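Go ahead and model the full structure; you've got the sequences and the hints to work with.
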Amino acid sequence: MRVVVAEDLYLLRDGLVRLIEACGHQVVATATTGPQTLEALREWRPDVSVIDVRMPPTQSDEGLRAALAARREMPGLPILILSQHVQQLYARELLADGSGGVGYLLKESVFDADQFISALERVAAGGTAMDPVVIAKLLNSGPPDRKLQQLTEREHSVLSLMAEGLSNQAIGRRLFLSESAVGKYTTSMFGKLGITDDNDSNRRVLAVLTYLNEH
Amino acid sequence: MRQFGDWAGRVGVGFVRSCVVAVVAMLAPAVWAVGVAWALWWGPGNPWSWLGPFVLVCVGTLALSRRVCVMVRSLVAGWTGTLIPAGYREAGPVVRMSTGYWWNGFGYERTRRDAVMDQKWRIRWKDPATWRDLRFTGIVPFSAGLVACLPPAAMAAGVLGLGQSGLAARLAGVLALVVAVAAAPYAWRPIEPVAVRFLRPSPAMALADRVDELTAQRADMTVTQAAELRRIERDLHDGAQARLVSLGLSLATAERLMEADPEQTRALLRRARGDAATSITQLRELIQGISPPVLTERGLIDAVRLLAMDGPLDVTVNADTRLRLDPPIESAAYFAVAELLTNAAKHARASRARISLTAEDAAVVIEVEDDGRGGAVPRAGGGLEGLQRRLAVFDGTLEITSPPGGPTRVTMALPCE
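Each protein sequence line maps, in turn, to chains H and G.
Number 171 in UniProt numbering belongs to position 171 of the first sequence; there are no gaps in the numbering.
Number 124 in UniProt numbering belongs to position 124 of the second sequence; there are no gaps in the numbering.
To be clear, the hints were calculated from the coordinates, so they are not data collected in a lab.
There's no promise every hint is true.
Unchecked claim - Here are the simulated distance ranges between beta carbons:
id, chain 1, residue 1, chain 2, residue 2, range
1, H, ALA125, G, GLU233, 40 to 48 angstroms
2, H, ASP114, G, GLU385, 51 to 59 angstroms
3, G, ASP326, H, TYR10, 54 to 62 angstroms
4, G, ARG230, H, THR58, 28 to 36 angstroms
5, H, LYS192, G, VAL245, 47 to 55 angstroms
6, H, LYS192, G, THR222, 54 to 62 angstroms
7, H, SER180, G, ARG256, 46 to 54 angstroms
8, H, MET74, G, PRO328, 34 to 42 angstroms
9, G, ARG322, H, ASP112, 39 to 47 angstroms
Unchecked claim - Derived DMTMM-like pairs (lysine to aspartate or glutamate); straight-line CA-CA distance at most 20 angstroms:
id, chain 1, residue 1, chain 2, residue 2
10, H, LYS107, G, GLU385
11, H, LYS107, G, GLU285
12, H, LYS137, H, GLU121
13, H, LYS192, H, GLU153
14, H, LYS184, G, ASP314
15, G, LYS346, G, ASP320
16, H, LYS137, G, GLU385
17, H, LYS137, G, ASP302
Quantities reported herein were computed from a predicted structural model and do not represent experimental measurements.
We put the beta carbon where it would ideally sit given N, CA and C, even for glycine.
Structure representation (structure tokens):
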């Protein structure tokens with residue numbers, strides 16, 4: 001995969017590049033400011049990019065804004081946002097277009113290199129990789145929703161893991177269930193949430209997130 | 001009959017009040033008159049004859065001025081309800097130093113009595129209120145005092161006139177009585193505007209009060225800041241710092257055991273990773289408490305919107321997008337809204353809240369309203385009072401209406417350019 005890395009802190013940028021290259025991917029460009037990031041994304045149209053939220057020149061949300069602008073120009077451009085903190089506000093903005101290929105993780109997620117690279121690959125393939133904390137906040141924010149309240153506890157945890165971007169197989173492993181059991185839960189869950197079934201698992205995750213995003 | 005009774009009452013009360021005003025206003029002129037009489041009695045023969053009367057007038061006026069002002073202030077407050085702030089400077093504490101001497105804020109004295117006396121006179125001398133009182137004592141006899149003298153003087157003239165045998169004198173006496181009765185309900189009234197105009201604190205005194213207020217706020221801020229720094233220090237010391245030490249230890253041990261016991265090395269490395277993750281989480285929580293990242297990255301409106309999303313309440317946010325604030329004010333406003341939302345959920349048991357941020361000419365007005373059970377009152381040392389004090393640092397105000405049963409509405413105004 002061709003990867004763009006945007007991160008203003010040298011130590012982290014260097015570490016990320018080394019980690020990604022050690023896993024057999026190619027870092028085609030690095031950027032240290034918001035405008036540079038947007039430029040690199042336009043020029044390389046990478047298979048996936050890893051972008052920090054806070055970057056120069058303003059030290060505000062430059063990276064996030066560059067990512068959102070790039071996705072407006074190039075819909076579906078896979079982007080993984082890495083940040084020191086996760087906020088549901090940013091998650092909602094990233095997911096708002098509903099076109100997939102989005103990740104939003106804490107920086108410490110690189111501690112587990114295997115999981116980080118698999119998240120990166122998932123995003124590149126058009127799936128999602130969301131931080132569990134942000135998913136929990138999205139699911140619990142605002143007034144208790146009647147539709148969400150209908151879900152059983154098991155269905156709720158399946159929905160959370162699905163929203164993080166895990167496949168049915170991975171959810172089954174996490175919850176000690178068979179893949180077909182997970183499939184049953186998801187079908188009944190979608191029925192309760194009023195989402196028409198679709199075979200593509202990424203589409204379903206996005207449907208869930210879009211549904212949440214409307215609240 | 002009843003109307004006549006009311007009128008007679010007004011005349012009676014007015015006459016008594018006029019007399020009281022006349023007496024209070026004429027206290028100082030009475031002393032001056034005694035001084036003048038004394039000087040005339042000694043005559044111009046003695047070259048030092050002016051000295052005694054002069055000292056009498058000066059000391060008498062000085063001694064009377066504050067008393068006269070205090071009396072006028074209480075009379076006006078009692079009769080008309082108009083409160084005029086006195087604005088006298090307060091005496092600081094007199095404390096005994098380790099040397100055995102007494103410190104009164106100006107200098108050292110051997111005994112407590114001396115220190116208190118010294119302090120009293122120094123404050124008296126420096127207090128701008130003293131000079132204002134003297135001015136008032138000079139002005140009042142020739143304005144309100146003179147008017148208030150009319151009913152008693154006319155009454156006296158009337159009584160004298162009626163006592164005479166001539167017809168003209170009697171007629172004049174009746175006329176004087178009529179004047180006295182007609183003027184009585186009104187003659188005491190000028191004391192109010194005169195007192196309001198000349199007895200209120202001068203700009204210098206208002207400035208002195210403001211300095212006191214700011215000094216108190218600064219002391220308050222210093223204490224709060226020191227407490228905050230101590231909290232941060234404790235959090236770092238017990239949290240991230242300890243974790244990092246533990247991480248270093250795990251790594252050092254792992255390095256020694258690498259060849260001898262690969263299994264244990266792996267466990268130690270896993271633990272080191274866990275320590276790193278935990279310290280990052282703790283640092284993140286600490287940073288959130290100091291200055292929420294969203295506030296830095298997005299500003300107040302988005303930070304408040306995120307607060308609304310993260311909390312358990314159903315919150316609507318209406319924000320004026322023209323809103324621009326300095327970072328310190330922004331931070332104070334953010335934490336104030338956060339605290340109010342917490343109060344609404346925790347104490348008022350609300351389920352809904354509405355936040356509005358409006359930019360006005362020279363202020364930002366933030367309103368937080370919830371549908372909880374109400375009854376919130378700022379108590380000394382309580383959360384709302386603390387909030388008021390923190391906003392006061394920026395000359396901000398907090399008003400709260402919270403009838404029992406709700407709803408609670410808090411309005412904060414923060415000045416801005």
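Taking the hints in turn, this is what the structure says about them:
The beta-carbon spacing between ALA125/H and GLU233/G, approximately 47 angstroms, falls within the hinted interval of 40 to 48 angstroms. A beta carbon spacing of about 53 angstroms between ASP114/H and GLU385/G agrees with the range 51 to 59 angstroms that was offered as a hint. Our hint of 54 to 62 angstroms for ASP326/G and TYR10/H is violated, since their Cβ atoms are close to 32 angstroms apart. The given range of 28 to 36 angstroms is respected by ARG230/G and THR58/H, whose C-beta atoms sit roughly 32 angstroms from each other.
Taking the beta carbon of each, LYS192/H and VAL245/G are about 49 angstroms apart, inside 47 to 55 angstroms as hinted. Checked against the hint of 54 to 62 angstroms, the C-beta distance between LYS192/H and THR222/G comes to roughly 57 angstroms, which is consistent with it. Under the hint 46 to 54 angstroms, the C-beta atoms of SER180/H and ARG256/G, about 49 angstroms apart, fit the expected range. Between MET74/H and PRO328/G, the C-beta spacing of about 40 angstroms keeps the proposed range 34 to 42 angstroms intact.
Take ARG322/G and ASP112/H: their Cβ atoms lie about 45 angstroms apart, and the range 39 to 47 angstroms holds. Among the hinted pairs, LYS107/H with GLU385/G is inconsistent with the structure: their alpha-carbon atoms are about 39 angstroms apart, more than 20 angstroms. Proposed proximity of LYS107/H and GLU285/G is supported: the alpha carbons are some 15 angstroms apart, at most 20 angstroms. For the hint pairing LYS137/H with GLU121/H, the CA-to-CA distance comes to about 25 angstroms; that exceeds 20 angstroms, so the pair is violated.
Between LYS192/H and GLU153/H the CA atoms are separated by roughly 13 angstroms; this keeps the pair inside 20 angstroms, and the hint holds. Of the supplied pair hints, the one linking LYS184/H and ASP314/G is violated, its CA atoms being roughly 33 angstroms apart against a limit of 20 angstroms. With a C-alpha separation of about 28 angstroms, the suggested pair LYS346/G and ASP320/G falls outside the 20 angstroms cut-off, and the hint is violated. Restraint check: the Cα-Cα separation between LYS137/H and GLU385/G comes to about 31 angstroms, which exceeds 20 angstroms; the hinted pair is violated.
With a CA separation close to 16 angstroms, the supplied pair LYS137/H and ASP302/G stays within the 20 angstroms bound.
Checked against the numbered hints given earlier, this structure breaks hints 3, 10, 12, 14, 15, 16; the rest are met.
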